[in-house]
Amino acid sequence: MQTRVDPFLAAVIHGALENIAVEMGHKLMRMSYSSIIRESEDFGAALTDATGRQLCECTMSTPLQSGPIPGYIEGIMRELEARGDVVQPGDVFMHNDAYAGASHGPDVGFAVPIFHQGKLAGFSVTTAHHLDIGALTPGSCGIVDAVDAYAEGLQFKAVRVYDAGKKVEPVWQILRSNIRIADLVVGDMEAQVAAARIGADRYSDLLDKYGLETVTGAYEDLLDYSEKLMRDAIAAIPDGKYNARTYIDGYLDSDDPALKELPIEVTLTIDGSDILVDLTGTAPQTPNKPINMPLVGTVDCAVWLTLRSILLDSDEYGAIPQNSGLTRPISIHAPEGCLANPIFPAPVIARFCPGNAVADTVMKAIAPAVPRQVSAGIGNLRVMAFSGQNASGPWVHMEIMEGAYGGRSGKDGMDAVDTLYANTRNNPVEDIESHLPLRVLNYELRENVAGVGQWRGGIGSIRSFELLEDGAVSVEGDGQRFAPWGFAGGKDGAPAHVELLHADGQKEELPSKIPYRRLAKGDRLVAYGPCGGGYGDPFSRTPEDVLRDVLDGLLEVDAARENYGVAIVDGVRLDAAATEELRAGR
Amino acid sequence: MIVLGVDVGGTFTDLILADLTKQELTIHKTPSTPANPAIGVVAGLQAICEKAGVTTSQIGGLFHGTTVGTNAMLEHGGSVTGMITNEGFRDVLHIGRHQRPQHYSIMQDLPWQNRPMIRRQHRHTVGGRLDARGEELTPLDEAAVRDAARTLAGQGVEAVLVGFLFSYVNPVHEKRAAEIVQEEMPDAFVTTSSGVAPQFREFERFTTGAMSAFIGPKVRRYITELQKELHDQGLKGELHVMTSSGGVATPEMIAEKPASTLLSGLVAGVRGGAWIGNHAGTDRLITLDIGGTSADIGIVVDGRLAEADTRSASIAGFPVMLPMIDIHTIGAGGGSIAYIDRGGAFRVGPESAGADPGPAAYGKGGDLPTVTDANLVLGRLAPQNFLGGDMTLDVDASRRVIGKLADQLGRSPEETAEGTLTVLNSNMANAIRSRTVQKGIDPREFTLSGFGGAGPLHAAEVAGMLGVQRVLIPPHPGITSAMGLLTADLEYHALRTAFAVKGAIDHTRLTGLFDDMQSELSGIFDRDGVPAEKRRMLREGDLRYVGQGYELKIDFPDGPLDAAALEQVWQAFHDRHRTEYGHAFEGAPIEIVTVKMRGLGEVEKLGTPPEATGSAEASPVGHGQCVFRVEDKLQVFETPYFDRTDLPVGQSMQGPAILLQTDSTTVVPPDWSFEVDRFANVVMTHDGQ
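Top to bottom, those sequences are chains A and B. Yeah, the first sequence ends on 586 if you go by UniProt numbering, and it's all consecutive. Yeah, the second sequence ends on 689 if you go by UniProt numbering, and it's all consecutive.
It should be emphasised that the hints constitute simulated quantities derived from the structure, not laboratory data. A hint or two may mislead.
Derived EDC-like pairs (lysine to aspartate or glutamate); straight-line CA-CA distance at most 20 Å [said to hold, decoys possible]: (1) B/236 / B/632; (2) A/209 / B/586; (3) A/521 / B/131; (4) B/439 / A/201; (5) B/439 / A/205; (6) A/167 / B/586; (7) B/605 / B/131.
Turn these sequences into a full structure, and let the hints steer you where they fit.
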């Protein structure tokens with residue numbers, strides 16, 4: 001491969017770029033106040049060039065945060081151009097426009113421009129999910145009935161929060177007066193600015209040391225490098241069209257058929273080393289419900305993430321720099337006005353679950369072409385926002401409930417884990433109960449529900465919360481109607497569900513989307529996570545693996561016999577002869 | 001008094017015997033015996049005593065670094081372990097933080113699910129629950145604990161962890177349950193999560209407790225057997241084992257807290273580096289210990305070994321909540337392989353040719369280009385003088401493998417060899433930056449100490465990349481770790497969760513927590529027989545702004561903690577936050593999350609290093625054509641090779657030069673000068689300082 005910079009120097013510069021992004025993320029995570037950033041790690045940090053091409057990203061940041069960063073910069077630049085405005089040294093921009101690069105409103109980006117010898121040379125950017133963004137109800141998750149973009153909270157389109165080095169106080173005042181729990185949120189924003197500035201300083205030093213031309217050459221090489229790896233991997237797949245369709249819940253309790261059981265359709269066309277991802281067939285946008293997905297910022301990230309995780313699996317390839325080169329061979333098409341390409345001002349704030357369903361559908365489409373590199377269907381996630389008001393003021397807590405992976409070639413699915421484009425961390429029970437009027441009653445694996453297969457699906461969790469004082473909850477989830485798909489002879493997994501147990505003993509099954517709902521002290525929410533699909537013929541699962549699940553209390557003896565053809569005596573011992581007979585007699 | 005340091009590594013067991021009165025050192029290396037490391041230790045003990053002309057009974061203390069616990073974790077070879085935990089929380093260890101280690105991977109494994117230390121079938125739940133303040137919501141179901149213990153005994157479990165929510169605030173349920181389990185399983189290793197790591201975050205605390213139980217029986221067995229073997233050999237002095245925090249502990253303490261040995265074998269190097277640095281007049285040091293496959297980096301600030309914060313420490317992919325020295329290990333060493341990856345990028349490591357077949361230069365069938373081959377091609381290793389002449393290097397083989405790589409890259413062999421070193425050195429420099437620049441520390445104010453077999457080869461060029469002006473190479477780079485063992489004091493830690501916010505501090509309670517920890521540690525020192533005047537108690541605390549999730553460690557003053565004393569602490573926190581992150585939230589409320597006490601018990605150890613004798617004049621033992629990059633161009637220098645033990649003391653000389661000795665080779669690049677100091681260290685200084 002022809003390179004612009006000698007391979008040794010290039011390796012040195014690439015290492016330096018990685019180091020900068022890691023430092024930004026490290027500092028942001030450690031400085032920030034809200035658990036969504038510091039514990040869940042729902043943040044992004046990256047450097048881009050002057051046009052927004054991403055050079056490197058922080059390895060700790062979550063893909064759905066770092067992925068959109070190039071879009072944020074393109075959006076900012078477009079907005080500035082429209083205003084006839086230019087970037088100056090010392091500026092810091094705030095941006096969250098879901099129709100101009102951002103993933104959705106709560107993911108606010110802060111961009112610090114980098115100048116080299118008087119010219120704009122790039123941006124240092126941090127993004128993070130904020131607890132509240134001044135929407136119609138408390139919290140920034142579980143807003144499932146915003147009627148349009150304006151109902152979703154404050155919109156920032158390339159807003160200067162520092163103007164040539166000077167803090168723009170009025171903007172910060174607007175933030176403080178329009179955001180609930182402003183101390184936390186504004187503290188996190190200040191941390192974002194501080195971390196982005198560190199990245200800018202370091203990048204600037206790098207440019208001083210090696211010169212713009214060399215550094216540019218080195219990262220152009222890096223983009224080519226990532227592109228080549230992706231192209232080689234795509235070229236290895238037989239040309240052709242690969243199609244899959246899955247369904248999301250939408251609003252299961254709605255009377256409007258256009259709002260529930262909505263198709264997500266993906267057709268991949270592989271032509272040499274190029275992939276066209278076409279979402280034609282996906283349901284039309286929901287004009288007054290916020291489950292629409294920005295094409296840039298959500299759908300593109302979901303597609304890229306899935307394809308690179310399958311085709312360039314880091315477990316096999318090692319760490320490949322995430323940059324704009326990786327996405328060059330991939331083009332994405334979604335008809336205007338569909339869920340995957342909504343028209344402004346269609347609301348988008350609850351795009352998280354449908355986006356992960358797009359990722360799952362891409363995997364389902366490509367699975368027959370690369371069966372050893374995929375998992376069976378994944379279980380989607382749900383986000384719960386708890387809130388309330390007490391003597392010490394308003395409180396908001398967001399909890400992302402895990403899904404599970406499907407079985408894989410040679411391996412069971414990952415149990416109770418964030419899936420695909422989401423990779424956050426849970427909040428420790430001891431952290432939650434120390435700071436909030438909530439009690440966690442249990443946190444375990446579900447039993448006897450795993451997706452059956454030679455490699456069983458990952459098992460979902462059960463987690464329950466009790467309100468210790470009056471409060472409220474909002475839920476933004478999906479995957480309660482349709483079970484994750486089984487693959488290659490494996491059976492489907494199990495859908496999720498959520499129960500509300502009232503303090504008075506009454507039990508209520510809840511749909512996957514619950515707008516702000518008041519709860520009384522003593523009410524309990526019980527969330528059952530989904531289980532991933534099974535992979536391969538269950539009668540090929542080794543009896544030892546089946547026995548292990550029985551001993552571990554994850555599978556009942558009867559189910560072992562029925563689903564796997566494995567006979568277990570006294571609940572602890574394999575009966576080899578009986579097993580053989582069962583398996584032969586199928 | 002005579003003391004002995006024994007550092008058991010993967011390949012070799014290094015020993016160093018010091019006669020503290022006569023100021024004499026004896027050194028010995030013997031092959032390790034991984035199946036039972038005690039065999040190698042005893043063999044080494046006998047050999048070194050003979051070499052030094054002493055008997056084992058004259059040895060007053062034996063200081064030991066072991067990897068038994070570390071390997072049990074890395075190889076997943078611990079005991080069958082059980083757990084008793086709260087009803088409803090059977091799978092805390094399995095779900096973890098519900099995060100995947102890799103963002104972009106479908107086929108990855110989750111260590112806690114694929115290699116569980118405690119299988120689900122061995123995790124039992126019982127009734128009983130505390131709230132966040134430690135108050136009882138449901139009493140402990142003692143009958144259920146007893147039933148569970150009986151079941152575990154029937155399941156063949158050797159070690160049991162008792163882990164309950166909020167035990168760090170109130171350990172009452174854990175303690176009672178542990179008693180019951182021990183009654184039912186008298187031979188089992190029983191531990192509680194609060195006894196191991198009394199800090200909040202249940203997954204991390206339970207995991208640390210599980211680790212202690214998992215490796216506990218193995219470590220305890222090893223230490224007991226070793227003690228017996230040593231006793232049989234006639235050793236009368238005490239055995240001390242190095243812990244992850246850089247101090248040593250008695251066998252009794254290790255038996256109680258086996259997980260404290262997880263970094264035992266690693267930290268001694270940093271300790272040794274710090275001691276040498278201290279005598280060379282520097283207390284700000286970067287230690288770079290490079291072996292065949294990895295480089296271990298440690299930082300010493302103002303004489304103190306930098307510690308890992310509790311949220312960053314991990315081993316074998318599992319989080320560890322124990323006091324540990326911050327050692328950053330990367331896959332970069334003499335055996336690291338240079339290659340072009342499938343995307344066409346040039347890389348060095350982390351894959352290593354190891355010791356077998358090793359680099360092509362070893363002539364043992366290695367046919368991949370390594371860092372050692374690159375050093376040889378550039379003339380930086382003397383083929384006839386490797387390992388003091390014990391091994392001859394095959395220059396032609398190195399040229400062949402480097403040449404092949406060079407052809408693929410379309411570069412000259414010299415460029416390729418030099419590029420290999422540049423990339424490796426740059427990886428190490430980046431690793432050092434992550435522990436210095438990224439934490440607000442300017443490495444240019446530091447000295448870099450290179451040791452281990454390959455450290456002295458790379459130290460100067462890594463220093464150059466960081467702007468470090470001074471490099472220190474200890475007299476015996478290969479046994480710096482063993483030496484470090486002889487420089488440590490007894491060190492124990494106590495910790496309490498405080499959760500005290502500025503403005504609402506109960507001063508009496510806070511002072512009480514420290515008093516309580518002081519008496520806990522005093523009890524241990526009483527047991528160890530450390531006299532009062534040899535004890536030191538240092539106060540520390542982990543602080544954060546209210547709402548943050550990561551803490552910074554701040555020193556606390558002695559005496560009553562009144563408002564004035566705490567004012568100092570608050571200010572120190574703001575300063576530290578600004579230094580470390582580049583920003584402080586002045587005016588925001590601060591929370592003391594945990595308070596800690598570090599107890600040091602002085603033991604007899606190495607005083608000053610032996611004085612160098614040196615020669616009157618330096619005379620090269622040979623010359624070589626060495627290639628260096630100077631002013632961004634590759635240039636060939638006629639370079640003298642010196643026998644390091646035959647250099648004059650205190651006489652500055654100009655690089656380039658190659659210094660040969662039995663256990664290592666030191667490279668002095670052209671823009672560096674060097675001299676031997678009075679303690680036989682080689683001190684390199686960057687020209688133009």
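Among the hints numbered above, which are violated by the structure, and what are their numbers in rising order? Per hint list: 1, 2 and 7 violated.
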